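The whole structure should be built from the sequences, with the hints applied where relevant.
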Amino acid sequence: MSMFEGLKFRKVSSPIHDLDPRVKFFYVIAMFAVAVMYMELLPLIVLFLIQVPLVTMAKVTKQWIKSMRGAAFFASIIFFTNFIFSYLYRGQQALPSILEYSMAMTLRFIVLVESFSIFFLTTSPDHLGLALEKSHVPYEFCFAFTTAVRFVPVLAEEAQTIMDAQKARGLELEKGNILKRVRNYIPILIPLIVNAIRRSLELAEAMESRAWGATKNRTNLYELKLRRGDYILALLTVVMLVLAVYARWHIPIPRIMEIFPWKASR
Amino acid sequence: MIEVKNVHFTYPSGVEALQGVSLKIRNGEFVAIMGQNGAGKTTLVKHFNGLLKPSKGNVLVDGMDTRDVSVATLARKVGFVFQNPDHQLFSETVEEEIAFALRNFGFKENVIKRRVTWALNLLGLTQYRKTSPFMLSGGERKRVALASVLAWNPKILILDEPTIGQDYGQKEKLRQFILQMKAQKKTVVIVTHDVEFVAECNPRVVLMSNGKIVADGEARKILTSPEILEKAAIIPPEISRVFLELSEFGFPTNVIDVYEAGEIILDFWEAKNREHV
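As you go down the protein sequences, you meet chains H and Y in turn. Counting from 1, position 116 in the first sequence corresponds to residue 116 in my numbering; the numbering is continuous, with no gaps. Counting from 1, position 104 in the second sequence corresponds to residue 104 in my numbering; the numbering is continuous, with no gaps.
Hints are computed from structural coordinates only; laboratory data are not their basis. Be a bit skeptical, because a hint or two may be false.
Claimed, not checked - The list that follows gives simulated cross-link-like pairs (lysine-lysine, DSBU-like), each with its CA atoms no further than 35 Å apart:
id: 1; chain 1: H; residue 1: LYS175; chain 2: Y; residue 2: LYS108
id: 2; chain 1: Y; residue 1: LYS53; chain 2: H; residue 2: LYS11
id: 3; chain 1: H; residue 1: LYS180; chain 2: Y; residue 2: LYS155
id: 4; chain 1: Y; residue 1: LYS212; chain 2: H; residue 2: LYS59
id: 5; chain 1: H; residue 1: LYS59; chain 2: Y; residue 2: LYS56
id: 6; chain 1: Y; residue 1: LYS186; chain 2: Y; residue 2: LYS113
id: 7; chain 1: Y; residue 1: LYS5; chain 2: H; residue 2: LYS175
id: 8; chain 1: Y; residue 1: LYS77; chain 2: H; residue 2: LYS180
id: 9; chain 1: H; residue 1: LYS11; chain 2: Y; residue 2: LYS231
id: 10; chain 1: H; residue 1: LYS175; chain 2: Y; residue 2: LYS155
id: 11; chain 1: Y; residue 1: LYS53; chain 2: H; residue 2: LYS180
id: 12; chain 1: Y; residue 1: LYS171; chain 2: Y; residue 2: LYS24
id: 13; chain 1: Y; residue 1: LYS186; chain 2: Y; residue 2: LYS5
id: 14; chain 1: H; residue 1: LYS175; chain 2: Y; residue 2: LYS77
id: 15; chain 1: Y; residue 1: LYS113; chain 2: H; residue 2: LYS180
id: 16; chain 1: Y; residue 1: LYS56; chain 2: H; residue 2: LYS62
id: 17; chain 1: Y; residue 1: LYS212; chain 2: H; residue 2: LYS62
id: 18; chain 1: Y; residue 1: LYS24; chain 2: H; residue 2: LYS175
id: 19; chain 1: H; residue 1: LYS175; chain 2: Y; residue 2: LYS130
id: 20; chain 1: Y; residue 1: LYS130; chain 2: H; residue 2: LYS180
id: 21; chain 1: Y; residue 1: LYS155; chain 2: Y; residue 2: LYS221
id: 22; chain 1: Y; residue 1: LYS56; chain 2: Y; residue 2: LYS155
id: 23; chain 1: H; residue 1: LYS11; chain 2: Y; residue 2: LYS56
id: 24; chain 1: H; residue 1: LYS175; chain 2: Y; residue 2: LYS186
id: 25; chain 1: H; residue 1: LYS11; chain 2: Y; residue 2: LYS212
id: 26; chain 1: H; residue 1: LYS175; chain 2: Y; residue 2: LYS53
id: 27; chain 1: Y; residue 1: LYS53; chain 2: H; residue 2: LYS62
These figures come from a predicted structure and were not determined experimentally.
Here is the structure:
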């Protein structure tokens with residue numbers, strides 16, 4: 001759960017929170033593209049490090065570290081599978097470069113999680129919905145999306161209460177063989193689903209009674225507007241993208257083991 | 001017996017819900033835990049059956065530390081009825097719903113049958129035996145939830161907000177029922193906001209505010225002390241408020257019972273009449 005905790009929006013005011021979600025999304029996509037472009041360790045380290053100031057600027061360091069910790073499990077799986085398979089394929093002579101390659105693959109994943117984490121930690125579901133709307137997604141879909149995002153924590157809390165209620169009636173979730181364990185979750189899933197359906201019907205009624213969809217041309221209380229910070233981030237992202245593409249095709253990227261030959265000489 | 005020794009509890013979100021709570025509930029006692037929203041009432045009672053374990057301090061149920069035993073073991077002794085019945089109902093029939101806990105505790109089939117019939121009778125649900133709990137009204141669902149806990153006859157019964165959404169008739173039935181439990185020497189703990197209900201039951205009242213116990217004593221004493229109640233954002237029952245207003249005419253200020261209040265007024269009136277004669 002801690003990994004999801006690290007993706008949950010926190011309402012804090014910071015320059016990063018105030019940025020337009022569209023620009024932030026562009027940044028995430030650009031990060032994604034650049035991370036996928038490189039297989040070498042050095043540029044990935046650079047990618048990882050240049051994002052750290054964003055995290056501190058957004059004042060979400062604690063939650064961000066949580067998401068990194070959550071990612072550590074998957075990261076270690078990626079590292080070991082890469083390491084073991086390239087080792088089997090290439091043998092012992094290439095050990096340092098295999099090591100570097102596996103680390104690069106791991107770091108690539110971490111960079112992706114890092115940028116997504118920054119995005120979700122600093123973008124409220126409302127702003128995300130607004131951004132979708134601005135991107136000409138039909139309002140019904142935007143609303144469904146924001147509602148779904150908003151109800152995730154509510155459902156999680158309810159699941160916890162239901163679990164408590166059933167435990168208080170002597171239900172032991174970790175008892176029995178696998179089949180029994182799956183069956184143990186029935187008393188939790190049924191109330192959860194029934195309540196979710198009930199709640200959605202209530203929500204629909206509440207929306208109807210507040211004249212949902214009465215006017216074709218909706219206006220918003222908050223308008224998304226590109227400000228100076230947005231232009232700066234967009235510009236930085238474009239520069240980074242151009243540099244990355246240029247470097248990819250025109251500059252030979254040194255491997256860490258070439259910079260520190262003591263490692264290679266062994 | 002439940003002993004709470006200097007318990008602190010902090011939720012993973014960092015909220016410190018209990019800040020050093022000590023409390024002793026003896027066997028056969030009837031206790032109402034009151035206080036404003038977020039005072040820590042539900043958090044405290046969730047420690048009684050081990051659903052929550054203290055971050056600091058100890059909770060002992062019949063001498064067992066709740067940290068050392070599973071919730072299922074404690075639940076056999078401590079029945080806990082949650083506020084919202086929709087958080088626990090899942091079976092196809094009311095009968096099955098009540099039998100669920102009995103199966104978990106490993107009762108024999110013939111015993112289960114007997115207990116289910118007994119619990120259905122006790123709460124007037126016999127006619128719904130084969131009905132789906134989802135088809136019942138809110139009040140009935142609440143009774144099914146209560147029946148499903150009573151069925152295994154726990155020594156200690158915890159009711160979280162039992163009067164919410166209940167009409168007067170149901171509340172009165174609940175009160176009778178609690179008195180019956182008391183007569184059987186069972187411990188009953190209720191968590192509630194309902195001052196009028198507590199005034200009618202006259203239990204021991206534990207008043208909480210901001211994760212601490214601010215007062216503990218007879219309902220008659222606590223519910224008639226506005227300065228204590230104010231700390232927990234509660235107002236005295238209506239009859240007490242009338243008597244507090246009338247104190248300058250020589251009326252007692254510690255009245256919470258409507259019948260007692262009637263008697264006092266009658267006496268006062270008769271005495272006045274005699275003066276005039």
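We went through each hint and held it up to the structure:
no. : hint                 : result
1   : H/LYS175 to Y/LYS108 : holds (19 Å)
2   : Y/LYS53 to H/LYS11   : holds (30 Å)
3   : H/LYS180 to Y/LYS155 : holds (29 Å)
4   : Y/LYS212 to H/LYS59  : holds (32 Å)
5   : H/LYS59 to Y/LYS56   : holds (30 Å)
6   : Y/LYS186 to Y/LYS113 : holds (23 Å)
7   : Y/LYS5 to H/LYS175   : holds (31 Å)
8   : Y/LYS77 to H/LYS180  : holds (25 Å)
9   : H/LYS11 to Y/LYS231  : holds (31 Å)
10  : H/LYS175 to Y/LYS155 : holds (25 Å)
11  : Y/LYS53 to H/LYS180  : holds (27 Å)
12  : Y/LYS171 to Y/LYS24  : holds (27 Å)
13  : Y/LYS186 to Y/LYS5   : holds (22 Å)
14  : H/LYS175 to Y/LYS77  : holds (20 Å)
15  : Y/LYS113 to H/LYS180 : holds (23 Å)
16  : Y/LYS56 to H/LYS62   : holds (24 Å)
17  : Y/LYS212 to H/LYS62  : holds (29 Å)
18  : Y/LYS24 to H/LYS175  : holds (33 Å)
19  : H/LYS175 to Y/LYS130 : holds (29 Å)
20  : Y/LYS130 to H/LYS180 : holds (26 Å)
21  : Y/LYS155 to Y/LYS221 : holds (28 Å)
22  : Y/LYS56 to Y/LYS155  : holds (26 Å)
23  : H/LYS11 to Y/LYS56   : holds (30 Å)
24  : H/LYS175 to Y/LYS186 : holds (30 Å)
25  : H/LYS11 to Y/LYS212  : holds (29 Å)
26  : H/LYS175 to Y/LYS53  : holds (21 Å)
27  : Y/LYS53 to H/LYS62   : holds (25 Å)
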